[in-house]
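In case you want the letters, here they are:
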Amino acid sequence: MLSNLKGYYRPQSIPSALALLEKNSGSILVLAGGTKLILNENNIVKELVDITSLGLDYIKEGSGEIRIGATTPIQQIVENRILGNAAGGIISRAAHLTSHSIMVRNTSTVGGELVTSGPLSLFYCTMLVLQAQVRIAGGEEFALAMNVFLDKKGLGGGLLIEVVIPKLPAHSYAAVAPILSDMDRPIICAAGRVTFKKGLCQKAKLAITGTPRVPQRLHRIEEFLEGKPLDGSSIADAMEMAEAVYEPISDSFASEEYRKAVAPSLIKRVLYDCLEQAQDMSGTSE
Amino acid sequence: MKVSLSINQQDVQVEVPAYRTLIDLLRAKGFWSVKHGCEDGQCGSCSVIVDGRAVHSCSRLAAQVEGKSVTTYEGFRSDSRYTSLKEALMNLVDLDCGYCIPGMMVSIMALLEANPEPPEEDVKDALRGSRCFCKATLNDLSNVMEAIDKIRGKW
Ligand SMILES: Cc1cc2nc3c(=O)[nH]c(=O)nc-3n(C[C@H](O)[C@H](O)[C@H](O)COP(=O)(O)OP(=O)(O)OC[C@H]3O[C@@H](n4cnc5c(N)ncnc54)[C@H](O)[C@@H]3O)c2cc1C
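Going line by line, the protein sequences match chains A and B.
If you read the first sequence in the working numbering, its first letter stands for residue 1, the second for the next number, and so on.
If you read the second sequence in the working numbering, its first letter stands for residue 287, the second for the next number, and so on.
Extracted from the complex, chain A is given alone in its bound form (with noise of 0.2 Å):
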């Protein structure tokens, strides 16, 4: 409850909203859908800032990218056809995942999902192989790469205006293998894409989430993979390395151990769909 909020602006461009927030810093804050603002207890906060007037609300394709609109509801990414096609449509389930309700998702907004974003979070997980980039308005408008805005530093007291989705280079698929608690929350996941070239490997993408604050990317699994086989060879590898290279956190879903145990079987999982998809598009060579 924001039981001290005393106003409540709806600007109708990203200029004015800056300037409101900019005025009144300390007790303002930005209102995207409210399913995390509203329902926490806030005694601080005496204004808010809709941003659901400023025209963010959008889904479009690029030649080379997808735009997705800080305030497009979670919903209509699980819904909207483009993103179901695109990257093996991992993008849509890890939206469908971010929350079991459709009334969640239907309210909570892709920039609020991403400020947000903990060391659960599938969704920035998934924008962490798929190299999104965030366009942050503040001040000057400028562009963050995911595993930068990773450490929180970017936001400042900016707007998070759009995500940039690259589309993936031809011949590279995407995964995601989640382990969901009983009420459909992903307690541990992990995403991947890999570009095949002549039946190798030539670029994987993989992260993870149970990571202390946010999501990781797995550097060294990546680096090793680059330039071999995908084949069950290198996947137990891979899955050696997982067990080595991944710190997880324990908390009220799962335990370090737990999760330190199944993190392999998941990078099995991601590496096996993305080898299948290629197989079936006979894509493994060029």
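Among the clues, some could well be false.
Partner residues are not named here, just some residues of chain B that face chain A (Cβ under 8 Å, in silico) [unchecked claim]:
1) 287
2) 290
3) 333
4) 345
5) 366
6) 411
With a straight-line cut-off of 30 Å between C-alpha atoms, the simulated DSS-like cross-links for lysine-lysine are [said to hold, decoys possible]:
7) B:436 - A:60
8) B:315 - A:6
9) B:315 - A:46
10) B:410 - A:36
11) B:354 - A:36
Simulated from the structure, these hints should not be mistaken for laboratory data.
Don't be surprised by glycine CBs; every beta carbon is placed ideally from N, CA and C.
Given the coordinates of chain A, assemble chain B with the ligand onto it according to the supplied hints.
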């Protein structure tokens, strides 16, 4: 602050403090089907339809529905076409309390508005956000699917 909206197709204008939630506004106006439940966005008892989408009214400020169209269970309660759906849901939870039924009806109505012939998986997805406080599990949806068929006039 002044908020203009439509509730069950009636235009209304209200003066509310900025912190007023939609659930409190609706209940103050006598829409008792909108229930206080977990107050945490988990149970779906407070569900209403805003511009065609089922949403929680406990995690939404009245100010957020400025210019929007809100439908509560009262908006279609007296429509006899939906009686069989309500009965199917009552049978599904198999209990006398019925506290969760308006929320469930609302989420199915929003689904039917978007797709009059939803597959069972979508019905399940729509109901997943609703919780029966008497702990019934919503597994067998065959009666609900039959009721949806009836609404479509297939019977
Ligand atoms: C039942 C339920 C289950 C939930 N489950 C989860 C869960 O599993 N994991 C999880 O992480 N969260 C969960 N949440 C919390 C919430 O749904 C997410 O954090 C959500 O995605 C927030 O989006 P929103 O648009 O509603 O953000 P809001 O509540 O409007 O805002 C959240 C925060 O982000 C800031 N913000 C929002 N948009 C922007 C922007 N464009 N630029 C700058 N700042 C911005 C706001 O100022 C605020 O501080 C759950 C909530 C409910 C009700």
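Against the structure, the hints:
For residue 287 of chain B, the interface hint holds, the least distance from its beta-carbon to any beta-carbon of chain A being 6 Å, beneath 8 Å. A distance limit of 8 Å between C-beta atoms decides the matter here; for residue 290 of chain B the minimum to chain A is near 13 Å, and the interface restraint is violated. For the restraint placing residue 333 of chain B at the interface with chain A, the shortest Cβ-Cβ distance is roughly 6 Å, inside the 8 Å limit, so the hint holds. This hint holds: residue 345 of chain B has a C-beta 5 Å from the nearest C-beta of chain A, less than the 8 Å allowed.
Against a cut-off of 8 Å between C-beta atoms, the interface hint on residue 366 of chain B is violated, since the closest Cβ of chain A lies about 26 Å away. Residue-level restraint check for residue 411 of chain B holds (minimum Cβ-Cβ distance to chain A is 6 Å; threshold 8 Å). Between residue 436 of chain B and residue 60 of chain A the alpha-carbon distance is near 39 Å, which puts this suggested pair outside the 30 Å criterion. Pair hint residue 315 of chain B plus residue 6 of chain A holds up; C-alpha atoms about 22 Å apart against a cutoff of 30 Å.
At most 30 Å may separate the alpha-carbon atoms for a hinted pair to count; residue 315 of chain B and residue 46 of chain A meet this at roughly 26 Å. This hinted pair checks out: residue 410 of chain B and residue 36 of chain A have alpha carbons roughly 24 Å apart, not beyond 30 Å. For the given pair, residue 354 of chain B sits about 21 Å from residue 36 of chain A by alpha-carbon distance, which is consistent with the 30 Å threshold.
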